[in-house]
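So the protein sequences, as listed, match chains A and B.
Numbering of the first sequence is given in the numbering used here, commencing with residue 1 and proceeding in unit increments.
Numbering of the second sequence is given in the numbering used here, commencing with residue 1 and proceeding in unit increments.
Calculated directly from the structure, the hints in this document are not laboratory data.
We put the CB at the ideal spot given by N, CA and C, even for glycine.
Do not take every clue at face value.
Unchecked claim - In silico DSS-like links for lysine-lysine, alpha-carbon gap of 27 Å or less:
#	chain 1	residue 1	chain 2	residue 2
1	B	113	B	60
2	B	77	B	52
3	A	95	B	113
4	A	95	B	52
5	B	68	B	52
6	B	56	B	68
7	B	77	B	60
8	B	113	A	26
9	B	77	B	56
10	B	68	B	113
11	A	95	B	56
12	A	95	A	26
Said to hold, decoys possible - Selected chain A positions facing chain B (Cβ under 8 Å, derived; list incomplete):
#	residue
13	33
14	41
15	73
16	108
Unchecked claim - Here chain A is said to cover these stretches of chain B; the calculated rule only asks that three of the stretch's residues, wherever they fall, bring their Cβ under 8 Å from a Cβ of chain A:
#	segment
17	33 to 47
18	103 to 110
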Amino acid sequence: DAGVTQSPTHLIKTRGQQVTLRCSPKSGHDTVSWYQQALGQGPQFIFQYYEEEERQRGNFPDRFSGHQFPNYSSELNVNALLLGDSALYLCASIKRLAGEETQYFGPGTRLLVL
Amino acid sequence: GDSVTQMEGPVTLSEEAFLTINCTYTATGYPSLFWYVQYPGEGLQLLLKATKADDKGSNKGFEATYRKETTSFHLEKGSVQVSDSAVYFCALSGLNTNAGKSTFGDGTTLTVKP
Numbered sequence: 001d002a003g004v005t006q007s008p009t010h011l012i013k014t015r016g017q018q019v020t021l022r023c024s025p026k027s028g029h030d031t032v033s034w035y036q037q038a039l040g041q042g043p044q045f046i047f048q049y050y051e052e053e054e055r056q057r058g059n060f061p062d063r064f065s066g067h068q069f070p071n072y073s074s075e076l077n078v079n080a081l082l083l084g085d086s087a088l089y090l091c092a093s094i095k096r097l098a099g100e101e102t103q104y105f106g107p108g109t110r111l112l113v114l
Numbered sequence: 001g002d003s004v005t006q007m008e009g010p011v012t013l014s015e016e017a018f019l020t021i022n023c024t025y026t027a028t029g030y031p032s033l034f035w036y037v038q039y040p041g042e043g044l045q046l047l048l049k050a051t052k053a054d055d056k057g058s059n060k061g062f063e064a065t066y067r068k069e070t071t072s073f074h075l076e077k078g079s080v081q082v083s084d085s086a087v088y089f090c091a092l093s094g095l096n097t098n099a100g101k102s103t104f105g106d107g108t109t110l111t112v113k114p
């Protein structure tokens, strides 16, 4: 059973550019969450997608947007990149069982903005 | 809002030493509590969890007990190994939300020396 996969693994962009990150959840998982992890800090919740719609959102500006496809895979888009957007971006897919939910994280995409 | 405070690191121990990493939280209601581990270059892996007061989560020799009276969820292991070297994150998800919208602490780096 394949785990959560993310692409690309690393990315270098310049300020003002736009970036798209991709995530494929584990088989059978229909919900995807995205997190931003700055160096030396814990992950911060960006948003969550379920049934192709944004279900919850953290405290991130509208420059951060996403999409979920019918096969449950997801994209994170960041416009007008800032130096402060440099971070590890983590995708997690959610398993629901007996009323409990468990997150499974991918390896992340490391974004460097110059 | 919800928050998680972890003991500052880094923590360096000798093999077979006893480990405690402190975690306290602030949240409304009765959150679920989690410990995740992140090995170098990898995403986060769920280590253990507890969903209600006095529950004890355990996995791979690690344990943590949900203490509502002290709002704590300290991680312990009786005898650490070199392979336990990693970054450990305490996290919570609040009532009426889900595990896919978690609040994380800033992580504690553990190094175990032979």
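*Mind checking the alpha carbons of residue 68 (chain B) and residue 52 (chain B) for me, to see if they're no more than 27 Å apart?*
holds (9 Å)
*Is residue 95 (chain A) close enough to residue 113 (chain B), meaning Cα to Cα at most 27 Å?*
Violated, because 36 Å separates the two Cα atoms, which is more than 27 Å.
*For the segment 103 to 110 of chain B, do three or more residues have a beta carbon lying closer than 8 Å to a beta carbon of chain A?*
holds (count 5)
*With a Cβ-Cβ cutoff of 8 Å, does the segment 33 to 47 of chain B contain at least three residues near chain A?*
holds (count 7)
*asked:* Restraint: residue 108 (chain A) near chain B, CB-CB cut 8 Å. Satisfied or not?
replied: holds (5 Å)
*Do the numbers back the hint for residue 73 (chain A), that is, is its least Cβ distance to chain B under 8 Å?*
violated (16 Å)
*asked:* Under 8 Å is the threshold here; is the Cβ of residue 33 (chain A) close enough to any Cβ of chain B for the hint to stand?
replied: Holds, about 4 Å.
*asked:* Run the distance test for residue 95 (chain A) versus residue 52 (chain B): straight-line Cα separation, threshold 27 Å.
replied: Holds - the C-alpha atoms of residue 52 (chain B) and residue 95 (chain A) are around 19 Å apart, at most 27 Å.
*27 Å limit on alpha-carbon distance, applied to hinted pair residue 113 (chain B) and residue 60 (chain B)*: OK: residue 113 (chain B) and residue 60 (chain B) at ~19 Å, within 27 Å.
*Pairwise hint evaluation, residue 52 (chain B) against residue 77 (chain B), where the allowed Cα distance is 27 Å at most*: Holds - the C-alpha atoms of residue 52 (chain B) and residue 77 (chain B) are around 21 Å apart, at most 27 Å.
*Pairwise hint evaluation, residue 56 (chain B) against residue 77 (chain B), where the allowed Cα distance is 27 Å at most*: holds (13 Å)
*Given the proposed pairing of residue 56 (chain B) with residue 68 (chain B), does the C-alpha separation stay at or below 27 Å?*
Roughly 12 Å separates the two Cα atoms, so the pair holds.
Hints 3, 8, 10, 15 from the earlier list are contradicted by this structure; the remaining hints agree with it.
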